[in-house]
Amino acid sequence: MKNPRPPLFLARQNYRRRRMMDAARLLPILGIFLFLLPILWRTAETPEPDTAWGGLYIFSVWLLLILAAFVLARVLSRSEKAGGAPDPAKNGAGPD
Amino acid sequence: MVPFNILVAVCLAYVCVLFLVAFAAERRAEKGHIGWLRSPLVYTLSLSIYCTAWTFYGAVGYAARSGLEFVTIYLGPTLVLIGWWWVLRKLVRIGRAQRVTSIADLISARYGKSNVLGVIVTLISVVAATPYIALQLQSVTLSFGVFASGTPEGWALPDQGATALWVAAGLTLFTILFGTRNLDANERHHGVVMAIALEAVVKLVALLAVGIFTVWGVAGGFGDVMARIEASPIADWPLKPGRWIGLTFISAAAILTLPRMFQVMVVENSDERHLATASWAFPLYLLAMSLFVLPIAVVGLETLPLGANPDLFVLTLPLAEGQGKLAMLAFLGGFSSATSMVIVAAIALATMVSNHIVTPLWLSLRRGGARAPGDVRGLVLMSRRLSIAGILALGYGYYSMSGGGAALAAIGLISFVGVAQILPALLGGIFWRGGTGAGAALGLGTGFLVWLYTLYLPSFGTGGLLSASLLAEGPWGIGWLRPQALLGISTLDPLLHAIFWSMALNTAAYVAGSLATFPRPLERMQGVAFVNVFSHDTPAHGWSRGGAEAEDLLAMSQGILGAEEAQLFFQREAEAQGKAGFLPETTPNFIEKLERRLAGAVGAATAHAMIAQFAVGAVVSAQDLMAVASEAQQILEYSTQLEAKSEELARTARQLGEANDKLTELSVQKDAFLSQISHELRTPMTSIRAFSEILMDPELPGEMQQKYAGIIQTEAIRLTGLLDDLLDLSVLENRKVQLNIKVANLHDLINRAVQSASNTRPERSFTLHRDLPSEHMPVIADTDRLVQVFINLISNARKYCDAVRPELTISVRQRRGRITVDFIDNGTGIPRKAQTLIFEKFARLSDTARAGGAGLGLAICREIMANLGGSIAYLPGQGGAAFRVSLPVKPKAEAAEDAARSSRWIARDNTNS
Numbered sequence: 001m002k003n004p005r006p007p008l009f010l011a012r013q014n015y016r017r018r019r020m021m022d023a024a025r026l027l028p029i030l031g032i033f034l035f036l037l038p039i040l041w042r043t044a045e046t047p048e049p050d051t052a053w054g055g056l057y058i059f060s061v062w063l064l065l066i067l068a069a070f071v072l073a074r075v076l077s078r079s080e081k082a083g084g085a086p087d088p089a090k091n092g093a094g095p096d
Numbered sequence: 001m002v003p004f005n006i007l008v009a010v011c012l013a014y015v016c017v018l019f020l021v022a023f024a025a026e027r028r029a030e031k032g033h034i035g036w037l038r039s040p041l042v043y044t045l046s047l048s049i050y051c052t053a054w055t056f057y058g059a060v061g062y063a064a065r066s067g068l069e070f071v072t073i074y075l076g077p078t079l080v081l082i083g084w085w086w087v088l089r090k091l092v093r094i095g096r097a098q099r100v101t102s103i104a105d106l107i108s109a110r111y112g113k114s115n116v117l118g119v120i121v122t123l124i125s126v127v128a129a130t131p132y133i134a135l136q137l138q139s140v141t142l143s144f145g146v147f148a149s150g151t152p153e154g155w156a157l158p159d160q161g162a163t164a165l166w167v168a169a170g171l172t173l174f175t176i177l178f179g180t181r182n183l184d185a186n187e188r189h190h191g192v193v194m195a196i197a198l199e200a201v202v203k204l205v206a207l208l209a210v211g212i213f214t215v216w217g218v219a220g221g222f223g224d225v226m227a228r229i230e231a232s233p234i235a236d237w238p239l240k241p242g243r244w245i246g247l248t249f250i251s252a253a254a255i256l257t258l259p260r261m262f263q264v265m266v267v268e269n270s271d272e273r274h275l276a277t278a279s280w281a282f283p284l285y286l287l288a289m290s291l292f293v294l295p296i297a298v299v300g301l302e303t304l305p306l307g308a309n310p311d312l313f314v315l316t317l318p319l320a321e322g323q324g325k326l327a328m329l330a331f332l333g334g335f336s337s338a339t340s341m342v343i344v345a346a347i348a349l350a351t352m353v354s355n356h357i358v359t360p361l362w363l364s365l366r367r368g369g370a371r372a373p374g375d376v377r378g379l380v381l382m383s384r385r386l387s388i389a390g391i392l393a394l395g396y397g398y399y400s401m402s403g404g405g406a407a408l409a410a411i412g413l414i415s416f417v418g419v420a421q422i423l424p425a426l427l428g429g430i431f432w433r434g435g436t437g438a439g440a441a442l443g444l445g446t447g448f449l450v451w452l453y454t455l456y457l458p459s460f461g462t463g464g465l466l467s468a469s470l471l472a473e474g475p476w477g478i479g480w481l482r483p484q485a486l487l488g489i490s491t492l493d494p495l496l497h498a499i500f501w502s503m504a505l506n507t508a509a510y511v512a513g514s515l516a517t518f519p520r521p522l523e524r525m526q527g528v529a530f531v532n533v534f535s536h537d538t539p540a541h542g543w544s545r546g547g548a549e550a551e552d553l554l555a556m557s558q559g560i561l562g563a564e565e566a567q568l569f570f571q572r573e574a575e576a577q578g579k580a581g582f583l584p585e586t587t588p589n590f591i592e593k594l595e596r597r598l599a600g601a602v603g604a605a606t607a608h609a610m611i612a613q614f615a616v617g618a619v620v621s622a623q624d625l626m627a628v629a630s631e632a633q634q635i636l637e638y639s640t641q642l643e644a645k646s647e648e649l650a651r652t653a654r655q656l657g658e659a660n661d662k663l664t665e666l667s668v669q670k671d672a673f674l675s676q677i678s679h680e681l682r683t684p685m686t687s688i689r690a691f692s693e694i695l696m697d698p699e700l701p702g703e704m705q706q707k708y709a710g711i712i713q714t715e716a717i718r719l720t721g722l723l724d725d726l727l728d729l730s731v732l733e734n735r736k737v738q739l740n741i742k743v744a745n746l747h748d749l750i751n752r753a754v755q756s757a758s759n760t761r762p763e764r765s766f767t768l769h770r771d772l773p774s775e776h777m778p779v780i781a782d783t784d785r786l787v788q789v790f791i792n793l794i795s796n797a798r799k800y801c802d803a804v805r806p807e808l809t810i811s812v813r814q815r816r817g818r819i820t821v822d823f824i825d826n827g828t829g830i831p832r833k834a835q836t837l838i839f840e841k842f843a844r845l846s847d848t849a850r851a852g853g854a855g856l857g858l859a860i861c862r863e864i865m866a867n868l869g870g871s872i873a874y875l876p877g878q879g880g881a882a883f884r885v886s887l888p889v890k891p892k893a894e895a896a897e898d899a900a901r902s903s904r905w906i907a908r909d910n911t912n913s
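Protein chains in written order, with our numbering: chain A, 1 to 96; chain B, 1 to 913.
Don't read these hints as lab results, they were simulated from the structure. From a predicted model like this one, the values you see are computed outputs, not experimental measurements. We put the CB at the ideal spot given by N, CA and C, even for glycine. There could be a bad hint or two in this list.
20 Å max Cα-Cα, derived EDC-like pairs, lysine to aspartate or glutamate [unchecked claim]:
{"id": "1", "chain 1": "B", "residue 1": "90", "chain 2": "A", "residue 2": "22"}
{"id": "2", "chain 1": "B", "residue 1": "670", "chain 2": "B", "residue 2": "728"}
{"id": "3", "chain 1": "B", "residue 1": "90", "chain 2": "A", "residue 2": "80"}
{"id": "4", "chain 1": "B", "residue 1": "240", "chain 2": "A", "residue 2": "48"}
If you want a taste of the chain B side facing chain A, the calculated C-beta under 7 Å gives, among others [unchecked claim]:
{"id": "5", "residue": "67"}
{"id": "6", "residue": "71"}
{"id": "7", "residue": "82"}
{"id": "8", "residue": "83"}
{"id": "9", "residue": "85"}
{"id": "10", "residue": "87"}
{"id": "11", "residue": "226"}
{"id": "12", "residue": "229"}
{"id": "13", "residue": "241"}
{"id": "14", "residue": "276"}
{"id": "15", "residue": "279"}
{"id": "16", "residue": "280"}
{"id": "17", "residue": "284"}
{"id": "18", "residue": "568"}
Turn these sequences into a full structure, and let the hints guide you.
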């Protein structure tokens, strides 16, 4: 089924698709980074109360990640549906 | 205040709605209207069983005790879901490719279909899930208590045990009804999934309603809530890095390894694309579930009297504010969370217990009869039902033993750490080809024991299962073996300590074991199939060659999949190979497919063991693997087209070979027939000639003339009969026959046939088995022709069935737009070699004298059925000669039109009379 030697360079939309896959892989790593960031705040040692604003931060990051996942899921499943065929919408999006 | 009786009534009504929804979903699915039953939305909502009563009630309690830390339980799953491209996508693909039935099955299948691993994982899961189920029962009982006592604080119900018992019994009933409808765990439980999707909506709406009421009804909106948080006892956020990381990690691990999550995420998944939707929609659900937790906790701490149980703030806060209806909604939310978790957990665990413990045990106990195991299907279903009851009984037992108490969150986390022990073997299994079964067993065993020792047993409290002195000083006074401070590490809290040591030792044992041992060939093969699941080039088969008797395999599969499913599967496979009938060539490819199919019902290990009994010596060896590897190298050099072509060629060759065999045999038979038909024609002709010569004698007396003319007539009739048959056949073959299509009751047609056939060998006593009620269905066909086919089959059975007490079973079924009528006798059946020939013209198995016909009967039957748009086939593996007549419920084209007209006539007749 597979071509013995995969091509070294890809067409534009295949290239985009690969990068979207990379983004999907990187998103949880970004998530881990953002969720663990509060550890560095050393909230236990600061005198002012942090729960309210900390909660706001956590929920904002959470929502941000969900939005990013939503966009990625849409893009990935659309390009999966299109398969190898050229996607006219994408071709029109910018100069080659 | 809601009266307790009304609460019970509402609760029962809600349960009825759940039953109805599940029932309606099953009905829709049965009729084939799957549609939205399999939408991404339903899939996402079904994942929400992650949010149990622990979330619904416990999260607020957790927040009231430790502030923001509660979110870690939802951050872990969020990270796993948005990172679906890494792990979940692969898990779901593997689950579908291998027809995985549970997480124990996945681990067992990956490491060479070893049942030992299946047993270990099942054990871990059951031990870890028991307290969790107890926790659900406890939360329902507690929430009932809140209403029963009349005051928000006193939640002690005099008969708490009874409530828990009723809930457990109701859940058992529901789960058995809708969770064990079909054996193939890989088929979807539409009813259950729909019910838990509904429950997901109820619990979300309930928690949001309470949250909105708290923020805008009790407090003065967003700004006010922020101010109240700042002023509350949990205003400061003493973030402990260890717990923050550890809890996030353990909840991420749990969503992958919890048997119930695996069940809804992988086993019940019907479309991989749903995962893309769930990747953002499920985190959104979690976010919505936890959005109001902190406000509810803070407002509850502020307004409710000191000492109120924070685990019940979701209920007691609306009650204290006089919002009875809202409290009722909250109660239903909590009830939903508890029940949906218990239902799915029980199904998942019961599948594991029956597939990995009960069935293998039963098969090995009856070693002698294992080759023909009989009705495994009934056994597995029954064991699944009993397991469900057993698991709920365990949960109830734990509940009444522990007597409730203990903060909800603590029990949940202990359970999480337990199932997380599966993680190293799971991730290693899908990403690392080097992982071996021995390594996995070592890792799982180590992790399980460490978890038991450091967390599970101490959780029963000092003086519970571990003595106080052992906890404080270690076993035999060895300080560095203290359960909660291994190697003297006493700086971590007990939970973190357990996570740290169990995961570290587990992973180390898994890796070391894998590096040190050498995998069996089957393990290496499964390793490739799992790790490289996305690349299509996995040429290896688990079977080096075929060789098993297809008929034996069919008989065995019928016991597991059910007769109809198995026959359909075999027929399709035979068709794909270009063969007619029910018996495909037992190529390695076919055996592999069959094994997968069986694995979907009884798990990979059992399926493999069962097939191995028939294909002795065909299990793949190390040499075979090497051969496959070098072959694969060569195949790479050919183009795909060539491969496809050779496949096509092989199929054609097989067809040609089969046709050639048939031709050769037919030609021999034709020769034999020609000489015999000449003989048959010549005998009457000779006597006609002889007697007509005598008749020419004018002096013959009158009565002699009469007698001889009579003989001539009988002989001529015999001759005409033979020629009629031949003519009939040729008309049928050319499809020029005039069909007289009518609507009739199948039951009447069979009656007619049985009556007419009864004068064949009338001296033999012959037992008929019929299921009369099932026979009543309308058929649209040329009824006389159809009866002719039935007569032929019944009289064949009467003639040839060689049993001492001959019996014939006639069974009628209607499936997928076709009516099938099976005629099964209890004789020796037809030898494999002859099965393809019997429908040919002039074919005869025994000598002429016994048969007493020209061998045209079955050939005519076949042509009649072809003319009626149906078919007739020999059904192997039924323990006797068996024929299946099948015809469409609605015939096509002009035939249907005629029939429709005549059915209107019948309708009119009926109304007139």
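Hints, one by one, checked against the model:
1. B:90 <-> A:22: Holds, because 16 Å separates the two Cα atoms, which is no more than 20 Å.
2. B:670 <-> B:728: 18 Å, holds
3. B:90 <-> A:80: 16 Å, holds
4. B:240 <-> A:48: 17 Å, holds
5. 67: 5 Å, holds
6. 71: Result: holds, 6 Å to nearest chain A Cβ.
7. 82: OK, holds: residue 82 of chain B within 7 Å of chain A, min 4 Å.
8. 83: 3 Å, holds
9. 85: 4 Å, holds
10. 87: 9 Å, violated
11. 226: 5 Å, holds
12. 229: 4 Å, holds
13. 241: Since the shortest Cβ distance to chain A is 4 Å, the answer is holds.
14. 276: Status holds, d = 4 Å.
15. 279: The hint holds - residue 279 of chain B has a Cβ within 7 Å of chain A, the shortest such distance being about 5 Å.
16. 280: The hint holds - residue 280 of chain B has a Cβ within 7 Å of chain A, the shortest such distance being about 4 Å.
17. 284: Holds, because the Cβ-Cβ distance from residue 284 of chain B to chain A comes to roughly 5 Å (cut-off 7 Å).
18. 568: This hint is violated: residue 568 of chain B lies away from chain A, its Cβ roughly 29 Å from the closest one there, beyond 7 Å.
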